[in-house]
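Student: Residues per chain are reported as follows:
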Amino acid sequence: MNAVAAEPLVALVGNPNCGKTALFNLLTGSRQKIANYAGVTVERKEGRLRTASGSRVRVLDLPGAYSLRPRTPDEQITCDFVLGRLADEPRPDVVVAVVDATNLRRHLRLVLALRRLGQPVIVALNMVDLARRRGLPIDAPALGRELALPVVETVGVRAGGAQSLLDYLERQHAAPESAVADGVDAPARAGGRAAPLDEAAAVAADMASVAADQHEVERILGRLGLEGVPADTPSDRIDRFVLHPVVGPLVLSATLFLVFQAVFAWAQPFMRAITALIAALAGLIGAALPAGLLQSLLVDGVLAGAGSVLVFLPQIVLLFAFILVLEDSGYLPRAAFLLDRLMGSVGLSGRSFIPLLSSFACAVPGILAARTIPNARDRTVTILIAPLMTCSARLPVYTLLIGTFVPARTVGFGVGLQGLVLFVLYAAGVGGAFAVAWVLKRLRRANAIQPLQMELPTYHVPSLRNLGIGLLQRVEVFVRRVGTIILALMVLLWFLSSFPAPPAGYPGPAIEYSLAGRLGSLLAYLFAPIGFNWQISIALVPGLAAREVVVGALGTVYALSAAGSDVAGQVAPLIARAWTLPTAFALLAWYVFAPQCLSTLVAARRETNSWRYPAIMAGYQFALAYLAAGLTYHASRWLLALP
Amino acid sequence: MSALFERLIVAAAVLASALYAFKALAPFGWRVAVARRLSGRLPDRLLIWLAGQGACDACGPRPAPAALRRRSR
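Sequence lines, in order, name chains A and B. Per our numbering, the first sequence starts with residue 1, numbered consecutively. Per our numbering, the second sequence starts with residue 1, numbered consecutively.
Be aware that one or more of the hints could be misleading.
Where chain A lies over chain B, by a calculated footprint (3+ residues, C-beta under 8 Å) [stated by the list, open to error]:
hint : region
1    : 3-10
2    : 13-20
3    : 24-30
Worth flagging that the hints you see were computed from the coordinates, not collected in a lab. From a predicted model like this one, the values you see are computed outputs, not experimental measurements. Built from N, CA and C at the ideal position, the CB exists for glycine as well.
Isolated chain B, as found in the complex (with noise of 0.2 Å):
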């Protein structure tokens, strides 16, 4: 494996893993601005996933905010 191809694996996970904690643990409304703030720069699926849950499991999922559907739409 070259060191190149590992150190791509590597950032791979280590962003993924970024993005995934931001979800997982940042507040409601601050996943939803920065949802809307990269809107055009990343595909709407992964922005409408990355403001549309909530906070812990117990709080089970919540629906994806009106505004940013239809702005993915």
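Same shape as in the complex, but just chain A (with noise of 0.2 Å):
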């Protein structure tokens, strides 16, 4: 037996949005993602923590279930593993079952079940700090007793909020004691640990016995004081606003228009600063190197392509703060269900829009996250739709063709131009996603329409620390990005934009002559009628790879054209003598819907597992996209008046 399988391995199981991960990332040192929702963790993460004695214990953390009949793929990777069924995965040694102490109710049902199994089982009574905050009578030692199973408190967006789980584990590693509920389901207990599990049987069980425990639950909550749980007023004094029909709305485009109002507005000064230091680093380059390929490579590859990516940081990192300050206040489960009227007229239902939120980021996680909808056919409409959604990746390509071509000023009310565009290129990408949806809808017989049923959480002040976590992440995936795959990509156009070298007296521009100039001439035929040229033509090919690529391709197709006294990193003066408006315009249309992503492609034939849909994906949204260019070109030329 090797290291890894001798280390016991702890389970943390419980339903969505009761804290598993975060009580994971205290107990491992773990940064995985948390929010103030549910259906945030869709496959098993585990991580390693060390007890205070030195010994080792793997720890997973399992997606959110409500019961043992899984209902969700991510359900069924929980209930596959509490239930012994995956064969390379051994049964759990522990099962921690995590409880929101503020939801005992709901979350109790899903322990007795548990219990039932025969597994040895901890309660974690999580968020303790906030039940009695509520004023609820919360006592752990009785509520052991009522379930016959250790419970230990929790608060697991605290520093140490973990410590009674650890010490409960550090004893059970040390002395192991039975953590089995005492005269529950014996014959399960009968054959120990390592007995197979009888899965249909604990399966049929718990199906009969989902009235018994509700009824279990009620008796042991009255057993305790805690039968009339008091209203969450502040939480519902704020839904009576942020829910209401009418103003409800109103608050969720206010809010969102802020956000992008503020990414413009806030992130200029840093972005200056980036500029300027990648302007000093050419500088310096190019006194320390003669003229050459070496420093050709360095300053026409490697800081015009890669550096004017990087530019982007600052407004990547303003729009994830304020996304994650929305996730983790418990905000956003509130716009899902405002949004469910709306979504369930296009065919989607409310649980779509947590995938559909998740793909703001990138595509790639919000179609893991649609394993959260029960219903496949509207698992399969939030897949093909989630790329319509405008990741961070098309973020730069935004900013820099807004920030060149449409002028910083007020159109009144102190609402800037630039941030009003950006707002209806995400208003578009979403557009086109519910208009795509719609017409699914009615290829596809649907289904009966089912109700939205989910949980609203209670308000938080956002975490500082989860917000620092999730910043910090973020901008590593960005820098990681550009320092890897963005750079490489960016090294290979160079060559490929440098050779063959022309001969002597060539008239035109060396990239005109090279592999990369012959192939974009190519390409221009196809892209001439909606408006690029072929050096757009030639950085769409890279940035098949990830979108953002092709400010760098463009960055670097530009400086390799240019006289030589342009400055690298500085696209932006490039591309505004180069191109005229509607050229801008098309481009940016293009990239509303453009399918240039070869990871979420790859994403949606994992999760379809079918190359069927992502084929479909990549068609439409191609079609979608010249058509959308097309005729944002024709229609600025016909209002500009242009010939």
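Relying on the hints, combine the two individually framed chains into one complex.
Tutor: Right under this line is the structure:
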């Protein structure tokens, strides 16, 4: 047996949004994403903790489940693991049943189901601080006696909040004590921990006992004096406004509008600082190296390419700061609730909201998050439209073009025109997604309408620690992409744009003679009708790897096309001279729908287990992008009376 | 800096970038097929690195295929 297998395995199991991942992060020092809504974790996550005595324990964070009868793919993962259905995974040595202390009525049902399995179970009574602030008489020892299970108090979002659980695991490791309920499901216990679980019997027993479980939960709550739970008054008061049929949508629109205004207005000083830094670096390299291949690679390839993408880091940080605050506060599920009717009208359910929202960061986690949707048709449609949400990789493209071609002025009431255009582009992505969902609803026979059932969590003041961790992760991801794949692609594009070198006396820029120049000229036949020149056509090709690469590609292509006096990292003045307004608008329209992202197609293939849906996705997005760019280009030319 | 040395540095940067881009973007099966084809011609550690990563950051690291690992031993 290897060392990993010898380490005890602890699984965190509980209802969605009970704080499992926060507890997992506390126990293992991990930085998994947490948020104040259900369905954040859709895959099992593994980490390790070292107890005070130095022994190591494997810890698994599992997706939330309401019962041991899975209805969604993410619940299936949890149930398969707990029920020991996975061939290559051992059953856990200890199951930590994480329950929300403010909502024991619902969470204890799963504890009772887990108790019946005969495995060692410990109950982590999470969010006890919140429960006590609400005046709930939480008594962990008494609950432990009623459940016949060990119960410890935890606060997943506070440093040291898992100490009692750690102490228990330490004791359990040193001298294993029974954490199996007495007198419960004795036949299941009889086989001991190593006995294969009679899965069918366990599931059948679970189905038969739902009503009995509810009765048992009521009995326990009655014994603990928790039968009359006080209302969550502050959250209820806020919800009276936020969920109001008229005021609610206005609050949501105003919130999103403010976010996009701030992304443009507040990031500018930082962007200017990064641009100046890159320009200074280019100047240093130009002075230190003689003109030649290496200088061109570093200045035109690396700095003009990867550097021009890095400039957009401040805007991405700001956008994610707002999203994280909204996530952590508990507002986002309310937004899903508000949008349920609208989503229902196009054939989606409110459950699609969280996957679609995740797609604003990147479509890949959004597609994975679609596992929380029980209905297969809704899930497929959600996966198909997720790439239309404006992912963070599009932000550099949008802000480059808006910053270059849209004047920085207000349009009244202090509203900036640039922020307004950005808001319109995001709205166009959402509108396009809804339109596609509506068409798919017409093409495929819809199942019966499923009412949205989702819990609205208590509002929290966002945790600075979570915000810091979330932002740091985003910065890491972005900088890593710039420093790895974007840098590699820029070096390759520089090579393709520099070789073969033109013969002496060639009249045009050298790039026209290069491999990339020739490829661009060929592609220009396809893209000229929608206003794209050969430089844009070249840039779209590496943009297939990641959308933001197009900014770096434009930087490299135009740096090599220029006479040599232009400064690396400043692609904006170059395109401002080379493009017309209709071309810029057409490229913006292209990127609202553009399919260029291989990772998204691969993720869709993996989640749907077929190439059919990724092919449909790429096909309809390319067609939409071409149509939208063409319409925008020709309409703009007509409006501006251009020849 | 001599012109030859400059060309060597640039060629190494371009080759490394091409290898990295292939590793980062090509499907898992393609990477495994290429790594097997190159087995014996390039260092095993390099081939395992080439074949053993997922296609996107969000997927996280994936283990190198067992067959390739056995071959490299």
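Student: Determine for every hint whether it applies to the structure shown.
Tutor: Do the hints match the structure? See the list:
Check result for the region 3-10 of chain B against chain A: holds, 5 residues qualifying (beta carbon to beta carbon below 8 Å, three or more required). Given as covered by chain A, the region 13-20 of chain B passes the check, having 6 residues with a CB less than 8 Å from a CB of that chain where 3 are the minimum. Against chain A, the region 24-30 of chain B contributes 3 residues with a C-beta closer than 8 Å to a partner C-beta. That satisfies the three-residue criterion, and the hint holds.
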